[in-house]
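Here the protein sequences come in this chain order: A, B, C and D.
FYI, this note's numbering numbers position 208 of the first sequence as 208, with every residue one higher than the one before it.
FYI, this note's numbering numbers position 131 of the second sequence as 131, with every residue one higher than the one before it.
FYI, this note's numbering numbers position 131 of the third sequence as 131, with every residue one higher than the one before it.
FYI, this note's numbering numbers position 187 of the fourth sequence as 187, with every residue one higher than the one before it.
In short, the hints are calculated from the structure, not lab data.
Treat each hint with caution, since some may be false.
Same chains, same label: a pair holds when it works inside one copy or across any pair of copies.
As a list, the in silico DSS-like pairs of lysine-lysine whose alpha-carbon atoms are at most 27 Å apart [to be verified]:
#	residue 1	residue 2
1	K227	K109
2	K346	K143
3	K9	K57
4	K143	K109
5	K346	K109
6	K227	K143
7	K221	K109
8	K383	K109
9	K346	K221
10	K143	K383
Residues per chain are reported as follows:
There are 4 protein chains.
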Amino acid sequence: MSSAAAKPKHQPGRHFLQIPGPSNVPDRVLRAIDRPTMDHRGPDFGRLGREVLDRLKPVFGTEGPVIIFPGSGTGAWEAALVNTLSPGDRVLMFETGHFATLWQEMARKLGIVTEFVPGDWRSGVDAAAIEARLAEDSTHSIKAVAVVHNETSTGVTSDIGAVRRAIDAAGHPALLFVDTVSSLASIEYRHDEWGVDVTVTGSQKGLMLPPGLGFNAVSEKARSVAKTARLPRAYWDWEAMLGINPTGYFPYTPATNLLYGLNEALILLVEEEGLPAVFARHQRHGEATRRAVRTWGLEVLCRNPAEYSPVLTAVMTPDGHDADALRATILERSNMSLGNGLGRLKGRVFRIGHLGDFNDLMLVGTLAGVEMGLATAGVPYTKGGVQAAMDYLGGNR
Amino acid sequence: MSSAAAKPKHQPGRHFLQIPGPSNVPDRVLRAIDRPTMDHRGPDFGRLGREVLDRLKPVFGTEGPVIIFPGSGTGAWEAALVNTLSPGDRVLMFETGHFATLWQEMARKLGIVTEFVPGDWRSGVDAAAIEARLAEDSTHSIKAVAVVHNETSTGVTSDIGAVRRAIDAAGHPALLFVDTVSSLASIEYRHDEWGVDVTVTGSQKGLMLPPGLGFNAVSEKARSVAKTARLPRAYWDWEAMLGINPTGYFPYTPATNLLYGLNEALILLVEEEGLPAVFARHQRHGEATRRAVRTWGLEVLCRNPAEYSPVLTAVMTPDGHDADALRATILERSNMSLGNGLGRLKGRVFRIGHLGDFNDLMLVGTLAGVEMGLATAGVPYTKGGVQAAMDYLGGNR
Amino acid sequence: MSSAAAKPKHQPGRHFLQIPGPSNVPDRVLRAIDRPTMDHRGPDFGRLGREVLDRLKPVFGTEGPVIIFPGSGTGAWEAALVNTLSPGDRVLMFETGHFATLWQEMARKLGIVTEFVPGDWRSGVDAAAIEARLAEDSTHSIKAVAVVHNETSTGVTSDIGAVRRAIDAAGHPALLFVDTVSSLASIEYRHDEWGVDVTVTGSQKGLMLPPGLGFNAVSEKARSVAKTARLPRAYWDWEAMLGINPTGYFPYTPATNLLYGLNEALILLVEEEGLPAVFARHQRHGEATRRAVRTWGLEVLCRNPAEYSPVLTAVMTPDGHDADALRATILERSNMSLGNGLGRLKGRVFRIGHLGDFNDLMLVGTLAGVEMGLATAGVPYTKGGVQAAMDYLGGNR
Amino acid sequence: MSSAAAKPKHQPGRHFLQIPGPSNVPDRVLRAIDRPTMDHRGPDFGRLGREVLDRLKPVFGTEGPVIIFPGSGTGAWEAALVNTLSPGDRVLMFETGHFATLWQEMARKLGIVTEFVPGDWRSGVDAAAIEARLAEDSTHSIKAVAVVHNETSTGVTSDIGAVRRAIDAAGHPALLFVDTVSSLASIEYRHDEWGVDVTVTGSQKGLMLPPGLGFNAVSEKARSVAKTARLPRAYWDWEAMLGINPTGYFPYTPATNLLYGLNEALILLVEEEGLPAVFARHQRHGEATRRAVRTWGLEVLCRNPAEYSPVLTAVMTPDGHDADALRATILERSNMSLGNGLGRLKGRVFRIGHLGDFNDLMLVGTLAGVEMGLATAGVPYTKGGVQAAMDYLGGNR
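Just chain A, with the same shape it has in the complex:
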């Protein structure tokens, strides 16, 4: 990082923001955010609020309420916990990677007892392990199971339907919390059908907005449990929100301009492109990316093809080759940001985001930035990754 005094060199052309979120924000969404702020207690706001709250439901796959907080996805994690749990409650979590670890750390900071099933940061949640642990828990001391749908640090997805089936098979009443921060609106998701109690997400990935909004979709069961949960809460309290939201208003000042953008993004996703097309596009771009990676002779971090992420691909650099040096080279020479290795993966992987407002030619440009960067940075690789991606993309529409 240069000093504050050193002005960065101007780089022409569009920056390629290929971190796995914040994702590229469509121009229409940025322009919507640029509208004058309005009275959050006036009639125009009520109309906006009702529209946005309705348009969100199909994205979560729910008929129930979705709550919008001014805050980040991290805040939405906290909201899920403090509305449903009491000090000392036990939660079963699964170490899929950095963000699962951070969520677990947050739970402990808030006074929750966590059981953290160890993971290798290359695999998703093991539903059988969950079933086994819950089956043992005859006293139902475990109050909730909390998992990450798409682990942003590793590019590994977990099968949420299977987690639900595991809980049911164990006949256990635990709540199910799912972090969809980097999956929602990019990967198909079914809050109601999968019996999720709290779905957590943020604005800056599949929803194609700048960061600044956190979301909870909540089940009837979660809402009922919240009545007796004793963790202190005020800002994140669901009931204050749910009491007034049907009118389109919020209990405290909402992030008005981001809501303008959210409404526009939902129109793009749900009404114009259509969610099935959005999901298929992300799948296709994930596959094209992995073909490039394999052609380069590099290894995708995710071990299990059934768990490949359509949203990002984490790529391992060969031993002795620092992934962060590669990223710095690519940023300087190709005006592209890639995601870094987080936590124990620092320096060992780089992450390619292929989510949000994105298309084939942006993907090829992205992969070209990586392929040219491998050469410049002296990372051993085999040419042809971009070509492999194009071969796939060209034949798959």
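Could you slot chains B, C and D onto chain A? The hints should help.
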């Protein structure tokens, strides 16, 4: 409020957003927010973060750190409490109006014991009462005194320096928390000089941004106390912020685009107009507004001239005249939003915001909207308020 | 004017752009212009072009074609002349003010022989004089009559229907050209009904756009005459435009982003507010302004009430009081731009624009800026102009 | 083209606007254009005008004046002609392609006698032919030589320095006019050093603006000749501009918001990236593109490597393969616009723009769109073009 289906009639010209916040956002700030989102872990972001965090200090009157949360001012209230207090701690608060009441309710929800000195919603904090109460508290059971600098629901300011002197006179170690949500960057404020321990604010008033950011300025003493405070906290935890902020980065995803806007707003306030000019402008507009109100024969809610707010003026409607009906008339006929009466003031007052990005002609337009609205709505008044304001403005530059 | 080095002092709040054009541009129009430029030969452009060309027709009151040039209203003047006239042709024009004079000078530069009926710059076109002159012209040496609908330099309108009747009464075949640069979309206009052959306008007044587009609405007769007109023309040639416009395309690169804005402005004017409401609003604001002027004891430049402009009001300053000094005072102290006296009116009048995206409270703010400016600049006046305007506005919706 | 009723399918991600102009407009320039329109006669405008007029000079390589017209490049062509020529004057032009042909047609429409040296639309200007023709013209009946620097329809550049030497070698006093519509600010250009008398350009290519501004840089000699030139002119008249421009103002309403954008674009080009870097970038992208084309086995339209355009590459499709069908396929499947074949090249070439606000990854994405499109459209080609471009780009910084 019309139904979702009823599209509002288009109203030509610029909307007059004269609620006491969100305030009018300058075009330059909106355009800054409209820039593409960037990598919040890249070098450009670090530069932005350091700039913004530095530029904030003079606005708070502090050499110490200022913390920025993605969230609202309500979140910043919560941050002040959960970082410094433990369950069952006692806090002395003062009922200046609706927001002081909400803050007190929040404290109680979070497990704090509050002593809430009753107020008449027309006056500021009585420093003598605080001194008396603290002097009684020989066991130092009171851990903090929490007051509102400018009560947005009433248009009454409190003398924070006097509160500090009262605490000192009582020789009491209580922390001092101050809500400056609607005063910061509009009314002179001296976090360091007044010995404030936590200053709480939001983005959408004097800082001339859309809502979506909350702030805490924290003293060394507050930070030290935080080490042993036991309220659970994670999202709002200061130390996680303060550990990484000197590099310009944040522990979780910041609200990037609002930070673009914040930097631009600080340039406007601190470097272009200059804070002394900003403060003088708000004083002048407050006085002009009150002259209009008095000419109309209406009563300013604030009883004590020393406590008049330079940011907003709450005006009482005569008995039998609903302030909300008046506001609806003005919105429909003059395309202007005014603040409603909150809590016990519902229907009895309307609030004129004269803060943020505002000037003389906007103020006259605002007052004209009120004066014409009084006529239309059949509220008894005497003509000439706008003229009185102009007489004052014309002679006072 | 300060030197290039001297940076202007920042002025808070919204600038009041109360020159009689460019007018205040709605935020929605500015945001539309801010969209990425598109391929002007691609299918999306064709759709845009057809929409815009269709939406323009009711604003001109025509079923015939409207031509859009990248250029200013001055260019559209030239287009009217070069498409229809041959070197040495004679045109009857009327000296209503500065812009009528400039148009006449342009015609002479282009090789046209002009007869310029003298005027006092305080009155509109005298239709009887036109009839008399045409009646004399038994050889039909006069090829066209060219008049200004709303003279921007004086705030005087002319009765175009009366001009048409005068031409008809004289039984003369002259073409009728009308400059509507500052009237179109603010004052009712009927190109077809009034038998206008070429209507000339620009984008930056009633159409609420930045400057950069010029327009010609053309009659069948004008188009037919154009076939034999011999002034050289290429850029402004109608037929090249009319040949391709039905497809939504243009013969050379159009000003794409201004067309985005034009489409949005037309939606606002025609579909949302509605042209009758737009016209009534301008009438109302003109009357309110004149009441203020009269109360101040100042003289409206326009002599004849039937010719008052709903778009701007030119106000005479008393002898010995320089209107430009007054304007400079108002700009510096009240952040408002007013129109200057042009040509022979320099220093003797100032012009208040009350057109475009404008509303009651903006008008009161505008008039307050004038009233306070009169005091500051030491121009003798009587207080109460703003009050008089409010009295009128308050009772007239 | 679909009917007006058929709404186009939404395409996610950034559109690739790879026509050879309008080019991709930087976000900063679009946001600058989105600022509120100002008084074009006020002091802030004067400052802006002076800044813009000064910043333009190095881009043209001139110390002399540059004139800005509201209009397109086509208008700037007309301005060059009508300011310097009289009816019946003879101009020597060179058929480099479609735009040279259009300029010649315009000259004839305006009453100029043109000598149009035939060309094959695959080569630049033959300076020797010019010298020979001028040498013959002992009576100096030829008043001007007019050539195109970068023929946008063919991707062929001409050596302007060589044209100047040819004129000098013939000892002929003809003026030299150069169209730089698609070269200026992308290819090095030296108005003064090459003795150009009128340089013509537009805003929408190298200057990275939306269309809507035309420019003339004029020599002292041209300005002197203009005094006696007799083509009628008014809108395009240089002297009216040059009389007032030194103050930063314009004789008629300028296209204010595009001037905001122009100032920002000039800061990007001249002060941030730097013109030498801008020129080198375009050269590099041209070479990378041609390597791709050759690898595909397709033919670059430009015959002579010394004349390759750094701004665009026109590519011939094999016989029996319609270039427009290919372009439609690419637009639909890859969300990219390419330039069509113009005039006699219709259906036989497509044109790849690699100019304006552009970088390596955008170029690879662009070439990938072509390569995948060739496959989809069934045009015979050899794979590997994108790879060849990457090989070159990767090694050339």
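Hints versus structure:
no.	hint	result
1	K227 x K109	both (22 Å within a copy, 13 Å between copies)
2	K346 x K143	neither (33 Å within a copy, 42 Å between copies)
3	K9 x K57	between (44 Å within a copy, 23 Å between copies)
4	K143 x K109	both (17 Å within a copy, 23 Å between copies)
5	K346 x K109	within (24 Å within a copy, 40 Å between copies)
6	K227 x K143	within (14 Å within a copy, 30 Å between copies)
7	K221 x K109	both (25 Å within a copy, 22 Å between copies)
8	K383 x K109	neither (47 Å within a copy, 56 Å between copies)
9	K346 x K221	neither (39 Å within a copy, 36 Å between copies)
10	K143 x K383	neither (51 Å within a copy, 58 Å between copies)
Figure legend: structure checked against the earlier numbered hints; hints not met, in rising order: 2, 8, 9, 10.
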